[in-house]
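A.B. asks: Based on the sequences and whatever the hints tell you, model everything.
So for the sequence shown, numbering that gives the first Met the number 0 puts the first residue at 0; every next one is plus one.
Because the hints were derived from the structure by calculation, they are not lab data.
It is possible that part of the hints are untrue.
What the hints assert, rightly or not - Estimated spans, in silico, between C-beta atoms of each pair: (1) D47 with T12: 17 to 27 Å; (2) V22 with D79: 36 to 46 Å; (3) P28 with Y72: 13 to 23 Å; (4) S8 with R80: 29 to 39 Å; (5) D20 with D59: 29 to 39 Å.
Note that the Cβ used here is the ideal one computed from N, Cα and C, for glycine as well.
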Amino acid sequence: MGPMQFLPSTWETSGVDGNGDGVTNIMDPEDAIPAAAGYLKGGGAPRDWYRALYTYNHADWYVKKVLAVAEAYRRLAHDDRVGPYI
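C.D. replies: Structure representation (structure tokens):
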């Protein structure tokens, strides 16, 4: 559900009030994006992006696709401070 596609059961333990309005709203990007960042960090990011992404979505094809897109953006930006992702 929401912009970061959380399962409601995952949101129960990982949701955050990112905008400080007193509500953890799965549909609000201001809450969902920092919640996703925290969830990925708990899964191993930024040390192990594969593991972190696999924690987020247990599909190898999904992890590979996200890493390929991240790598394409990194190369487009000529950013050698991070990555490579693949």
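A.B. asks: Each hint needs a verdict: does it hold in this structure or not?
C.D. replies: Hint by hint, here is what the structure shows:
Separated by about 21 Å at the C-beta atoms, D47 and T12 satisfy the suggested range of 17 to 27 Å. Range check, V22 to D79: Cβ separation about 40 Å, and the 36 to 46 Å hint holds. As the Cβ distance of P28 to Y72 is approximately 19 Å, the hint placing it in 13 to 23 Å holds. Checked against the given bound of 29 to 39 Å, the beta carbons of S8 and R80, roughly 36 Å apart, stay inside it.
Range check, D20 to D59: Cβ separation about 37 Å, and the 29 to 39 Å hint holds.
Violated hints are absent here; each numbered hint is respected by the structure.
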